[in-house]
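Protein chains: 4
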Amino acid sequence: MDTSIGRRRWAIAEGYIPGHSNGPEPAMESHETCCILNASDRDAQVTLTIYFEDREPVGPYRLTVAARRTRHLRFNELTDPEPIPKETGYASVIESDVPIVVQHTRLDSRQAENALITTIAFAAD
Amino acid sequence: MDTSIGRRRWAIAEGYIPGHSNGPEPAMESHETCCILNASDRDAQVTLTIYFEDREPVGPYRLTVAARRTRHLRFNELTDPEPIPKETGYASVIESDVPIVVQHTRLDSRQAENALITTIAFAAD
Amino acid sequence: MDTSIGRRRWAIAEGYIPGHSNGPEPAMESHETCCILNASDRDAQVTLTIYFEDREPVGPYRLTVAARRTRHLRFNELTDPEPIPKETGYASVIESDVPIVVQHTRLDSRQAENALITTIAFAAD
Amino acid sequence: MDTSIGRRRWAIAEGYIPGHSNGPEPAMESHETCCILNASDRDAQVTLTIYFEDREPVGPYRLTVAARRTRHLRFNELTDPEPIPKETGYASVIESDVPIVVQHTRLDSRQAENALITTIAFAAD
Chain E
1 MDTSIGRRRW AIAEGYIPGH SNGPEPAMES HETCCILNAS DRDAQVTLTI
51 YFEDREPVGP YRLTVAARRT RHLRFNELTD PEPIPKETGY ASVIESDVPI
101 VVQHTRLDSR QAENALITTI AFAAD
Chain X
1001 MDTSIGRRRW AIAEGYIPGH SNGPEPAMES HETCCILNAS DRDAQVTLTI
1051 YFEDREPVGP YRLTVAARRT RHLRFNELTD PEPIPKETGY ASVIESDVPI
1101 VVQHTRLDSR QAENALITTI AFAAD
Chain U
2001 MDTSIGRRRW AIAEGYIPGH SNGPEPAMES HETCCILNAS DRDAQVTLTI
2051 YFEDREPVGP YRLTVAARRT RHLRFNELTD PEPIPKETGY ASVIESDVPI
2101 VVQHTRLDSR QAENALITTI AFAAD
Chain W
3001 MDTSIGRRRW AIAEGYIPGH SNGPEPAMES HETCCILNAS DRDAQVTLTI
3051 YFEDREPVGP YRLTVAARRT RHLRFNELTD PEPIPKETGY ASVIESDVPI
3101 VVQHTRLDSR QAENALITTI AFAAD
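Protein sequence lines, in the order shown, are assigned to chains E, X, U and W. Heads up: the first sequence at position 53 corresponds to 53 in this note's numbering, and the numbers run straight through without jumps. Heads up: the second sequence at position 95 corresponds to 1095 in this note's numbering, and the numbers run straight through without jumps. Heads up: the third sequence at position 33 corresponds to 2033 in this note's numbering, and the numbers run straight through without jumps. Heads up: the fourth sequence at position 47 corresponds to 3047 in this note's numbering, and the numbers run straight through without jumps.
If you're looking for bench data, these hints aren't it; they were derived computationally from the structure. Remember, it's a predicted structure, so these values are computed and weren't measured experimentally. It cannot be assumed that every hint is accurate.
If you want the ones that stay clear, here's a sample from chain X, every Cβ over 10 angstroms from chain W, calculated [as the list claims (entries may be wrong)]:
hint, residue
1, 1078
2, 1095
3, 1098
4, 1119
On the chain X side, residues computed to face chain U include the following (Cβ under 7 angstroms) [to be verified]:
hint, residue
5, 1005
6, 1035
7, 1037
8, 1039
9, 1063
10, 1064
11, 1068
12, 1072
13, 1118
Glycine included, each C-beta is placed from N, C-alpha and C at the ideal position.
Sequences are here, hints too, so could you generate the full structure?
This is the structure we're talking about:
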């Protein structure tokens, strides 16, 4: 039975890593997460491309999401080809060789109490 | 008249049950909810499969959403085949034998003031 | 030119009107909103049906969204055929005779600081 | 290779610019943002039309999102043909001559701690 679900191309138009945090790390560190579900029976080779407001896109960032696994990737932790700068607006396109589902979440703890946002990303046709 | 609305397969890529809470329970207990609407005239037999970052998926969790009813299921309350661990990233696939609508919500009360997130889940084609 | 955008049937699976509030009313009163955009050149005759966890659905609630207007409807303010009880899980189906766009928002001010959620509702095919 | 992703018509049914703020500006100023990603190789000519509850729509507001760029547009900063009033419900339609992805975000700092919401906008067929 094919257990895969999702699409091969996704986009998140909003991106912003807050520059500071309140509360114990790593749970309460301000962060932005790209949650990926690969419900299929094949490992997913995933690439991310990061778009900016004032310069050419950076990427591809490469990662693998194993078959029947989820991966909650913090944009903060990307380093190759280069880290994503904080306090800078960006957007991202996520591409995979098998169907995946992508959800975007941010925890913002710049003020004393944390704020959270989430949305399912845009799934290309 | 067919009053059903929705799809038969849904996915939520983000999942995380906070490990602690502030404020009176159960309303202010940190929790993650899968809200299901079954607007059809037939009971929906629903199964959930939970995906993790580092081990095989767990499930199916089985539940019924009666005809013309909604059910706001807290992931915290799932016990069969096993409870979902706290402070652990997960994802979920929700399948039904009749069309349903699925929405994902979390109340995070780890800090003094609660934070809320919600999104309509991803609807498979 | 046809300026309409959207669909004729929408669903929101999550619904919950908090039972109390902090801060000045009406802006900071806990509330749940169904934002409707009618970008078409015809008035939209809209009906809402409210689904519960343990009893038959209630409705239709009827309203008009004029041509080229938006309406930010607070579920709290619905009275005919009956008010929606507070602190009770519900879901809703929104139907219109012209295409509309529906977005769900909640302001929860049960604790001292307000929490906000939003999502575009599920658009039926 | 065509790197474009998205659609040419989008809608956001919820819109509301809070009337006041807490915390250092501009980061913590209450604001509402329309994040646009243009992943294509052509500049996008974008128009916004703003819909209100009690008067005719205003627009078009015109902007360009350059090829391979994102733009995080604050509704607060729109001035031509006229600024969007604060504390007023509105909705928006976003149109582009090339495919784009649109996401809606609000930071509400009316109370001491900020609240955040986001959702991918509604993509027209």
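Exercise for the section: Over 10 angstroms to the closest beta carbon of chain W is the bar; see if residue 1098(X) clears it. Expected result: The claim stands: residue 1098(X) keeps its Cβ more than 10 angstroms from every Cβ of chain W (closest is about 25 angstroms).
Problem - Evaluation of the interface hint that places residue 1063(X) against chain U, nearest CB under 7 angstroms - result: Violated, about 12 angstroms.
Practice task
Verify the interface restraint on residue 1035(X): the C-beta must sit less than 7 angstroms from at least one C-beta of chain U.
Solution key: 4 angstroms, holds
Handout entry: Given hint residue 1072(X) near chain U, where the shortest CB pair must fall under 7 angstroms
Key = Where the cut-off is 7 angstroms and the nearest Cβ of chain U is about 4 angstroms from residue 1072(X), the hint holds.
Problem - Hint check: 7 angstroms Cβ-Cβ cutoff, residue 1068(X) to chain U - result: 5 angstroms, holds
Problem - Interface hint for residue 1037(X), Cβ within 7 angstroms of any Cβ on chain U - result: Holds, because the Cβ-Cβ distance from residue 1037(X) to chain U comes to roughly 4 angstroms (cut-off 7 angstroms).
Practice task
With a cut-off of 7 angstroms on the beta carbons, see whether residue 1039(X) makes it to chain U.
Solution key: OK, holds: residue 1039(X) within 7 angstroms of chain U, min 6 angstroms.
Problem - Hint status (Cβ of residue 1118(X) to nearest Cβ of chain U, threshold 7 angstroms) - result: Hint holds; residue 1118(X) Cβ to chain U Cβ min 4 angstroms, cut 7 angstroms.
Handout entry: Check on residue 1078(X) being off the interface with chain W, judged by Cβ distance over 10 angstroms
Key = 27 angstroms, holds
Exercise for the section: Against chain W, does residue 1119(X) hold up as non-interface, every C-beta pair farther apart than 10 angstroms? Expected result: 7 angstroms, violated
Problem - Closest CB of chain W to the CB of residue 1095(X) still more than 10 angstroms away - result: 23 angstroms, holds
Exercise for the section: Closer than 7 angstroms between Cβ atoms is the bar; does residue 1064(X) clear it against chain U? Give me holds or violated. Expected result: 12 angstroms, violated
Checked against the numbered hints above, the structure violates hints 4, 9, 10; every other hint is satisfied.
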